[in-house]
Amino acid sequence: MEKVLEVVEIKKAFGGNKVLEGVSFSADAGKVIGIIGPNGSGKTTLINIISGILKQDSGKIFFMGRDISGEKAYVRARSGIGRTFQIPRSFPSLTVLESLQLVRMHSGKDVSVEHVLKKVGLYELRDRYSDKLSLAQRKRLELARTLMLKPKLLLLDELFAGMNPASIREIYEVIRSLKEEGICIIMVEHVLSALIPLADELIVLANGRLIYRGDKYRAFEDENVRRAYLGEKHPSFGM
Amino acid sequence: MEIILQLLIDALLLAGYYALLSSGFSLIWGVSGIINLAYGSFVLVGAYMIYTFHLLGMNTFLAFLLTVAFGLVCGAILQRLLFNKLMGYEPFTLLVLTFGFDILLSNLLNLFFKADVRSLNLESLSGSFFVSYFVLPYNKLIVFLLSVSTIVALQLFLKGTWTGRAIRAVSFDKVGAELCGINPSRIYTISTSIATALAMLSGGFYALLQGFTPFASGGITLKAFFVCVVGGLGNVHGLLLGSFVLALSEVFSGFYLGEGWKLVVSLAILVLFLLWKPHGVAGVKYA
Amino acid sequence: MLRFALLVFALSLFFPLFANPYWLRLLSSAFLLSSLSYAHNLLFYQLGYPAFGGIAFFGLGAYTFSFLYSQNFPLMLSLLSSVLVPPLFSLILLPIMLRLKSHYFAVGTLALQVMLMEIVENIELFGGTKGYALNLSYNANIIAYYLFLLALLSLFLLTLFLEKSPFGKTLKALKEDETASLTLGINPIPYKLSMLLLMSMSLGFLGGAFSLWSAYIDAPTVFNPLLSVKIFFILILSMNFPIYGPFSWSLFFEVLFETLWSNFPQAHGVLLGLGIMLLILIFPKGLRWRKS
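Protein chains in written order, with this note's numbering: chain A, 1 to 239; chain B, 1 to 287; chain C, 1 to 292.
Among these hints, one or two may not hold up.
Unchecked claim - Taking lysine-lysine pairs in the PhoX-like style, the calculated list, with each CA pair at most 25 Å apart, reads:
1) A/K109 - C/K164
2) C/K130 - A/K150
3) A/K72 - A/K60
4) A/K119 - A/K60
5) C/K169 - A/K132
6) A/K72 - B/K277
7) A/K119 - A/K132
8) C/K101 - A/K109
9) C/K101 - A/K118
10) B/K277 - A/K11
11) A/K3 - A/K150
12) A/K132 - C/K164
13) B/K174 - A/K18
14) C/K101 - A/K72
15) A/K179 - A/K152
16) B/K277 - A/K18
17) B/K85 - C/K101
18) A/K132 - C/K285
19) A/K109 - A/K31
20) B/K277 - A/K55
21) A/K109 - A/K119
22) A/K132 - A/K31
23) B/K85 - C/K285
24) B/K114 - C/K130
To be verified - Derived, one-sided and incomplete: chain A residues facing chain C with beta-carbon distance under 7 Å:
25) S24
26) F25
27) G70
28) R78
29) L102
30) Y217
The hints are simulated quantities; they were obtained by calculation from the structure and are not laboratory data. Since the model is a prediction, treat every value here as computed from it, not as a measurement. For every residue, glycine included, the Cβ atom is placed at its ideal position computed from N, Cα and C.
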């Protein structure tokens, strides 16, 4: 069973600022991988590189066994990599329905718009213009758009940030069902209460390096993780 | 062989001037992030001012001094009254503003001076300096020397004084500079002021070098843009390099291909750099 | 609103039959200006790329037409060439559109305009500074009227089509957020290319038609930056009204300029420059703008 995603020694620097210094990991289908770490540790940059918006300085990316290191972003999207943004991006001229129809037009995939709308809970709002939605609704729209790509890999950048507990609960269920469908999901998150139950394993990034990878509960007992993420003198993280 | 050397000398003299010509444009772009499409008009305003002062019989040195002072004042007003209003919005708005300003100034100049070609021919600068086979026209030589001196003075200012260093700080990292207690707004005013003065000064030199009409502004702005793209923003090496590339391309293509082709070659080089090396050869800041 | 527009169009068809030359000229001028505006909007409103030097293609079209026609090429062929030549030049700008931010595109078009103007003035083959004086039949300006009207109708319908169609929706997505569009599988290249070609072809056509109308063209006239300012003035005012705005404002301005400023041609440029500066200072927010 090939890996859905394999990231090998990704390095990226902006001028003198080394944002990613050789990050490697892999991910399987139907698994949720949580990426956590202090701000500025390179998490979003990593997502940008995997989705193709940013080009890595060195290193390789393999998707479903295929080397996509040089592929353009829209090609990656069409082959089944979907991503959401930290701050949701929407198209003010398009309604919810139109946004999804737009993706369908370009993805080449036969996905039912109605089905996706109902799945994320936006069916009633389908004729609302995208910029007239609340934050949580926009996040759902972003998720819905990625689902139109029939993705095998989802890169979710701080999906739960800024949501109230009820919304978190609903979206949580959606992610869980997507995981059951076999989609590989990589989630950059700070809302650990939602991430931990969902994740199969945890990756911790700090200062552009991968300092821990493995069991989610043991992550917080790891020396390196505590020092980087939780602070030197922090007592045990009460979960 | 002598021809090539003569052309190289011509290019060198021209490059010095182009460096001065582009320095103001580079300063505004590098510090405030504004591509000033009206820059060519500023240069022409300087040219017409010096020309008028000369016609009125004023001493040349005084004329230049007044023009530069006028430039300093205008630049400050420009930044505070116009640019500052639009700094927070999309870059497009500033482009439209400077675009409109260029049209306004060109047509104002046209209203006052009409479209006849003018130039400033000083008797003291007619004739040339001869070194074995090579000709160095006095006006080009003087402009070259004065331009280079001004660039050197500018460099000293930017590297040596607190204000100059503050300007460089803001151009590299506005927020960082602010955190150090530098007021970016004041810096923008100062740098635009200096930039406009530089523009008008080079306008005066422009008048000494060639004929001009109110509608020559587009070409001038384009040259400055070329130098900044090819040479890069943010340091003097880029400025000099870009100027030299421009001068070389103009002198050689003008000689071997003809007048009409100078711009074509320049445009081709510009497009190539925009696509492959938009930072320019020596740029440290990407606008 | 649409029915009203079609009525106006129908009336315009018969206008030359009973109108006097003054009104014919005024209306032709208004049709030309509106068409130029709609054409520029194909890139500005639809994709967020302001072609400040778009007039370069208009001038190219005018020169192509005039050059061929004065070499005794048939009228239709000359006109066809004026449509096909400018797009070839526009391809220089394509890489800039694809890789760089929109303000580089704006400056790029200006560079092209300045360059073309200078080349054309320096090369005797293309008339040099004298330009072209064309030998046309007496009803050439009526033909031009209909050409302008045809261009206007086509561009108007195209704009209408783009507002509703999936192709148009893709353009909107690209304009409003290209990065997000890329991550959704949208390939921007065919869209940017087709709009660039459409714009340059329309402008070329209008340049050819203009030559027919004016019978005399030279570089300062057809590469006139004042035209650009007028056009963008109208486009900024029409930012929220892409379908009816350009025509309405063009008509308004043509009438205004004709009646008020025909006595002060010098002031034309000064007022336009000042006008657009004031416009952008008072309404800088414009409206939905391209994410740069």
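Any of the earlier hints contradicted here, and which numbers? Hints 2, 4, 8, 9, 22, 25, 26, 27, 30 are the ones this structure does not satisfy, whereas the remaining hints hold.
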